[in-house]
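If you want the building blocks of each chain, they are given just below.
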Amino acid sequence: MISPVIFYNLVLSVIGVLQYFIVPYIVTRGTGAPGNSAYFFNMHLYKTAFTFFDMGYGATQAWLIFIIALTLTIFLFATARRWVYYASGD
Amino acid sequence: MAAITYSKAVNTSPFYSVQLRRFGVGATVTLLAFIIAFVYLLPFGDMALMAVKAEDQVVTSTEAPVLPLEPGYTTYEGKQYPLYNVPTENGVVQMALVKKGRQNSEFYDPANPDAGLIPWEGNWRGLEPAYSIVPHFENFATAWELTNFPRLFANTLAIAITGMIGTLLSSICVAYAFARFPIPGKNILFIILIGTIILPGQVTLIPTYAFFAKIGWTGSWLPLIVPHFFANAYNVFLLRQFFMTLPRELDEAAMIDGAGPFRVLRSVIIPQAWPAIIAVGLFHFIFAWNDYFAPLIYLLGRPELQPISVGVQIFNFAYGPRPELVQATSLMAMVLPLVIFFFAQKIFMRGVVITGVDK
Numbered sequence: 165m166i167s168p169v170i171f172y173n174l175v176l177s178v179i180g181v182l183q184y185f186i187v188p189y190i191v192t193r194g195t196g197a198p199g200n201s202a203y204f205f206n207m208h209l210y211k212t213a214f215t216f217f218d219m220g221y222g223a224t225q226a227w228l229i230f231i232i233a234l235t236l237t238i239f240l241f242a243t244a245r246r247w248v249y250y251a252s253g254d
Numbered sequence: 038m039a040a041i042t043y044s045k046a047v048n049t050s051p052f053y054s055v056q057l058r059r060f061g062v063g064a065t066v067t068l069l070a071f072i073i074a075f076v077y078l079l080p081f082g083d084m085a086l087m088a089v090k091a092e093d094q095v096v097t098s099t100e101a102p103v104l105p106l107e108p109g110y111t112t113y114e115g116k117q118y119p120l121y122n123v124p125t126e127n128g129v130v131q132m133a134l135v136k137k138g139r140q141n142s143e144f145y146d147p148a149n150p151d152a153g154l155i156p157w158e159g160n161w162r163g164l165e166p167a168y169s170i171v172p173h174f175e176n177f178a179t180a181w182e183l184t185n186f187p188r189l190f191a192n193t194l195a196i197a198i199t200g201m202i203g204t205l206l207s208s209i210c211v212a213y214a215f216a217r218f219p220i221p222g223k224n225i226l227f228i229i230l231i232g233t234i235i236l237p238g239q240v241t242l243i244p245t246y247a248f249f250a251k252i253g254w255t256g257s258w259l260p261l262i263v264p265h266f267f268a269n270a271y272n273v274f275l276l277r278q279f280f281m282t283l284p285r286e287l288d289e290a291a292m293i294d295g296a297g298p299f300r301v302l303r304s305v306i307i308p309q310a311w312p313a314i315i316a317v318g319l320f321h322f323i324f325a326w327n328d329y330f331a332p333l334i335y336l337l338g339r340p341e342l343q344p345i346s347v348g349v350q351i352f353n354f355a356y357g358p359r360p361e362l363v364q365a366t367s368l369m370a371m372v373l374p375l376v377i378f379f380f381a382q383k384i385f386m387r388g389v390v391i392t393g394v395d396k
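Those sequence lines, one after another, are chains Z and C. The numbering of the first sequence is this note's numbering, which starts it at 165 and goes up by one. The numbering of the second sequence is this note's numbering, which starts it at 38 and goes up by one.
A portion of the hints provided could be inaccurate.
[As the list claims (entries may be wrong)] Residues on chain C that point at chain Z, a partial pick, calculated with CB under 7 Å: (1) I231; (2) I235; (3) L275; (4) L283; (5) P284.
[Unchecked claim] The following residues of chain C were derived to be distant from chain Z, with all beta-carbon distances above 12 Å: (6) D151; (7) G159; (8) E286; (9) D288; (10) L319; (11) L373.
These aren't lab readings, by the way, just hints derived from the structure by calculation. Just so it is clear, CB atoms sit at the ideal spot from N, CA and C, and this is done for glycine as well.
Could you put the whole structure together from the sequences, leaning on the hints where they help?
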């Protein structure tokens, strides 16, 4: 009965985690220290675009993460037919 | 011997042990909940304490104590002298430092005025000032006046309520369409909708701002309110998920009685979906209440239109850094959302009960 809500949270948290940026950026002051252990993709994107000012490559990386997130979301929607139960049918 | 049999009888009694275990489990869970709640409430406590601190204590003191403490003073022969915790033969005594000296100083004991000046051997710099708790409740009045709080409050309320109405109207309609109607290419449309969540707000910020600047809406509330009348992916997704769980039979029964799509929405779907609708309204209200960035960029230079989140910034810029006034204003701003949250929770619980009974 609660699977629609679980599905909602799953999709939103997958998207949210792929955009994980603020917490590691503040905690490690943008370095990803110690030893890149807190260096997330979006931090790399930010560094490429706004530290090294390689806007073209940064934009490409942004597109890459967008496509990955979209693919994962579509994949989740495809699996949803198997395990998400809607009382209204569909 | 008798005592042992007694204790055995008590221990083997199933009622006693079950009760004891229940009490133990209950106490552990409650204690754990209290610890977790305490950790989560720590920032709030810090905020509340800072709101009643004096300016000196927050801004100038490098080692500010957590509590709103102030060094004590006492008058001696018409002059004010700071109080110190002085170790003497009779334990630590609070005494006023009258005459400072490197090797020995002279103190005055306010509890024992007949003794006059008491000499003390040692460096007074090693002594700790005697603090006393002095809450400055006048911070609230100062913040209220300097920010023109009623105007900020009215602005925030107007923006939040109109936006909330807009987001509820539009999100309910869009979610209803996604949940119930056979639209060609519905799945692709829905993925595009989810795609707007995947796109971070920072990406769309500059084009959105340029657009609103071109049509001349900057400097007004329109960019903060009108977009919410065109639905929001998070809310549509949440409501759609909820509407999908409602059985179609009730819609069909209403349709047989001659209800059109809007009638079904109003009389069948919405009464069953109150918990989700209240959740969406509440989320939007709290989002709009705390939203800082959008009002900041769209209402720049229009202080008479700004909400609390932007208006409170005068204590960071116009009046210099006054964190205690920022916290006092924020505390006043929190009151209404908290009250609304508790009332909404009541309705929320009632909504859950009603849907549970009706099914």
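Outcome of the hint check:
1. I231: Given a least distance of 5 Å, the restraint on I231 of chain C holds.
2. I235: OK, holds: I235 of chain C within 7 Å of chain Z, min 4 Å.
3. L275: holds, 6 Å
4. L283: Since the shortest Cβ distance to chain Z is 6 Å, the answer is holds.
5. P284: Hint on P284 of chain C: holds, closest Cβ of chain Z at ~5 Å, below 7 Å.
6. D151: holds, 59 Å
7. G159: Fine: 44 Å to the nearest Cβ keeps G159 of chain C off the interface.
8. E286: violated, 9 Å
9. D288: Its Cβ does come within 12 Å of chain Z, the nearest being 8 Å, so this is violated.
10. L319: holds, 16 Å
11. L373: holds, 27 Å
The structure shown violates the earlier hints numbered 8, 9.
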